Amino acid sequence: MRLEVKNGEFTYGKEKNLFEKICFWVEKGEIMTILGPNGAGKTTLLKCTTSLLKWGKGTTLINHQPLNEWGAGEVWKKMAYVPQSSSNVFSYTVLDMVLMGRAPYLNLFSVPSEPDVAIARSSLETVGISYLEGKRCSEISGGEMQLVLIARALTSEPNILILDEPESHLDFKNQLLILEILKKIAKRKGISCIINTHFPAHALQISDKTLMLGKGRQYLFGKTEEVITENNLRDFFSVNVKILSFENKGEMMKTVVPLAG
Amino acid sequence: MQEALVQINKKKNAKKTAVVLVILPIIFFFVSICLGRYLVAPGKVVNILAAQVLPLDVTWSSIEESVVSQIRLPRIIMAMLVGAGLSVSGAAFQGLFGNPLVSPHILGVSAGAGFGAALGILISGQAVVIQFMAISFGTLAVVITYLVSRIKTGTPLFMLVLSGMITQAFFTALISLIKYVADPEEVLPTIVYWLMGSISGVSYDDLWIGAPMILGGIIILLLMRWRINVLSLNEEEARSLGIDVQKSRWIVIIATTLITSAAVSLCGIIGWVGLVIPHICRMLVGPDHRALLPACVSIGSFYLLLIDDIARTATAAEIPLSILTAIVGAPFFAYLLRKTGGKWS
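Protein chains in written order, with the numbering used here: chain A, 1 to 261; chain B, 1001 to 1345.
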């Protein structure tokens, strides 16, 4: 499904606009990353895009139709949001947590049925954590919890997946794991993904498009390799960087190294 | 292989627990009818109860009949309903607020209802007036809490909790004011005794007002048992799962208000049950509200019935319920807490 933001603007209280006439779009199965320094408003941008926060001006459109015309109930069947983390005093089992992804389909007084449980189980399988099913959410690691949240989002069978820094708090191996799973979801299931990240290298690794957000309301949007350049990174992050290319098993890869001074 | 075995064992245990939870209150219901200063044999109790619907030969005395069906039965039904209602409300609120320290009293409904009842005792003393005033002021308290907590973008939970504290403080002060002006010979003891909670003297007439409210509230909450799982996530997460958080939240609040204000209007302020029974049930069936709320109906009704049995049989004078719920419950809960290290939630 195609998701598009047209002329988005947002203001906290009486401060200056955080964004001005921001526009971007993703097509079916595409991955888009959002990069930007702390405080540029990446999370706010995601929340506005999903309607968790209201745009000051502008709209989000799914398949050329504004979100408010779809209605809240329908929107969350098309689009799923993966928060940075989830804290809860009640340690539900992993399966119960993932099952909550069925909420958009169930009314106030219903309880999930067998088919719902089957869908939850298949999401667990997609992200490769079926073995965690019976564990409590308080007993698993941060990387596993992130996978649980992705599985929960997949359980609502969305066409668009929106993730807020899914790999931020994780170690090397888990970062790679998350990136590979997102790639697989996008390519095999045709789910469009929008991902906030702090790592330009990750953006280069998985995304088709990139939106780079600056502090002074300026932004860049385009193909990832055109947006993520040494010059742009220096302008937006105020730091000198070197982008290095190397070959690994016949595949060209890039990495980004920040330089002091 | 071993994982699978563990799973099967877990399922078996869950079934056993479910069976016990269904049978326990039923057995205790019969035991309680037999118990009392005037013992009635279990066989006779069954016959008397059956005679309400079946044409049986009368083999019991009229005293036994009136003790069982006019005095004990309404009282037992009331105890079970109030116990179940307060426990389910407590569990639903703990889920709603994502906080296991919350009780059904948090939005000020009990203080409001308590004030209404005290005012009713002061100005009239008639049961109908007391109940009407208690329910009205209990509802009024929640409405005040709502109005104070509302801001432009809805009602955040912390605003709700703080507004509840304000309302509670206000009505508690009003209760003290009424106690201060009440006649210390006649009215004051009635108010004090009443506020400590008692189910003595409940008749069928009382049941007709309170029971449907409590029952209705319990049914609404039971139907919402899975939705409460989703509501226990933080607000943004819950919204991103496509549910109308504000609407669902207010339905839960309305249901608990029905239950709590009706409970206070009938038998005073009963503490402890709504806070602790949900924890005990979490130890038994886990935090999933789909299992937790039904378990609360069972254990809550059982527990308040047990407490009321002690209240009416232990000594010649009736002991107020609020005293007993904690005196019996606190050591037991302390024992569980020490044994499990609080790992159940």
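One or more of the hints may lead you astray.
[To be verified] No more than 20 Å apart at the CA atoms, straight line, and that leaves these computed lysine to any residue pairs for SDA-like:
#, chain 1, residue 1, chain 2, residue 2
1, B, K1152, A, S51
2, B, K1011, A, K77
3, B, K1010, A, S138
4, A, K42, B, K1012
5, A, K47, A, L95
6, A, K54, B, K1012
7, B, K1015, A, L95
8, A, K184, A, E27
9, B, K1011, A, S51
10, A, K54, A, L95
11, B, K1152, A, K77
12, A, K77, B, I1151
13, A, K54, B, I1151
14, A, K135, B, G1341
15, B, K1012, A, Y12
16, A, K54, B, K1010
Hints listed in this document are in silico derivations from the structure and should not be mistaken for laboratory results. Just so it is clear, the structure is predicted and the values come from calculations on it, not from any experiment.
Okay, the hints, checked on the actual structure:
no., hint, verdict
1, K1152(B) / S51(A), "17 Å, holds"
2, K1011(B) / K77(A), "32 Å, violated"
3, K1010(B) / S138(A), "19 Å, holds"
4, K42(A) / K1012(B), "48 Å, violated"
5, K47(A) / L95(A), "26 Å, violated"
6, K54(A) / K1012(B), "49 Å, violated"
7, K1015(B) / L95(A), "19 Å, holds"
8, K184(A) / E27(A), "16 Å, holds"
9, K1011(B) / S51(A), "41 Å, violated"
10, K54(A) / L95(A), "32 Å, violated"
11, K1152(B) / K77(A), "27 Å, violated"
12, K77(A) / I1151(B), "29 Å, violated"
13, K54(A) / I1151(B), "16 Å, holds"
14, K135(A) / G1341(B), "19 Å, holds"
15, K1012(B) / Y12(A), "54 Å, violated"
16, K54(A) / K1010(B), "45 Å, violated"
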